[in-house]
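**Student:** Single-letter residue listing:
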Amino acid sequence: MTSIHLDENTIQQYAITGVLAGEEQTHHFLHCNHCRGRAAAYKELLAGIKAQPAPAFDFDLPALVMQKIPAKKAAIPWRAVLVIAGLLGVISLVTYNLRAVFGVIFEGLSLTAASLIFIAVISVLIFQLVDVVNKYHQQTNALD
Amino acid sequence: MALLKADSAEDHYLVNLVLRGDNSAFTAIIRNTERLVTQIVFKMIRDTDDRKDLAQDIYLKAYKGLATFSFRAALSTWIAQIAYNTCLNYLEKKKYTLLGDWEETAGDNTEEADHVLNAPVPLADKEADQGILQKQRTAIIYQAIETLPPLYKTLITLYHNEELSYGEITSITGFPIGTVKNYLFRARKALKEYLLKQYTKEEL
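Listed in order, the protein sequences are those of chains A and B. Counting in numbering that gives the first Met the number 0, the final residue of the first sequence is number 143, and the numbers go up one at a time with none missing. Counting in numbering that gives the first Met the number 0, the final residue of the second sequence is number 203, and the numbers go up one at a time with none missing.
These aren't lab readings, by the way, just hints derived from the structure by calculation. Values in this document were obtained by computation on a predicted structure and should not be read as measured data.
Below, in silico cross-link-like pairs of lysine-lysine (DSBU-like), each with a Cα-Cα straight-line distance of 30 Å or less:
(1) K94(B) <-> K67(A)
(2) K67(A) <-> K92(B)
(3) K191(B) <-> K180(B)
(4) K134(B) <-> K188(B)
(5) K94(B) <-> K63(B)
(6) K63(B) <-> K92(B)
(7) K60(B) <-> K67(A)
(8) K188(B) <-> K94(B)
(9) K63(B) <-> K93(B)
(10) K49(A) <-> K188(B)
(11) K134(B) <-> K49(A)
(12) K93(B) <-> K67(A)
(13) K191(B) <-> K49(A)
(14) K134(B) <-> K42(A)
(15) K42(A) <-> K191(B)
(16) K196(B) <-> K49(A)
(17) K191(B) <-> K94(B)
(18) K42(A) <-> K188(B)
(19) K196(B) <-> K42(A)
All chains should be modelled from the sequences, with the hints used to inform the complete structure.
**Tutor:** Right, here's the structure in full:
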């Protein structure tokens, strides 16, 4: 057996994990009362640390925090509704005024196909607008 | 421990609810992370009134910054990071240091140690004596931990009581893993030496 005692870090790691690296260390440890005593002291210490009760506040933390947070109105997003309505109005107006041009562009297309294209374009525009509004709200929250 | 291994899907769900305006979801977030935040605040801050203000401040910061939370870490780790930094700023304002001279404060906390000693422990009658010894040992070690500087106390608690990994502690404190391991080694050694100096092995 090697006569050099295990270093402090090795003893600590053994107390935590119960594992020694290498046969030489294990052999020394098994035959050395001094090192086993040091490891036992650390094990007692670690057991004592683990047994510490978790501290607790003597007040209701969630209630204390929530009283400082203003209640958000989960109301209808009127701004978004107004923007969408406005956009639809503008599109309708432009479409009506340019109906002669659209008549030339979509010449030969059936009314159903033209309607489908129109609905698809409008849907994409609405989805993009909603996404922009959501991102705007997230950034506003972050700045707050 | 369960709070620290919380399902990230639950984190996503709660965060999205709060961002949509459901404040009651934030109450759930506070309940899920309260234990970890309390540990950090108690280990870093001595003043009871300041602890209350800081705890409130930590969660208000978390609420305001929730939209920027990117889910790269667990929500509890992110909030613990806010708690650690808030306490660190407080200590800096008060001109305290994380690794102050802990000899000076040794034995200051007999009142809180008595509190630990008097805490009820459910035991069968035949185990009562062993229970008393266990409580005495817990109180002695509590006193020893209280003699450590704020940083060592916090690291010991995060690693040994909350069972956080080195990586999680690194995320919270911003120290490299090697530094965390080194501080933990020194804290355990200091505790052992303090206990050996103050008490005989039989008392342990």
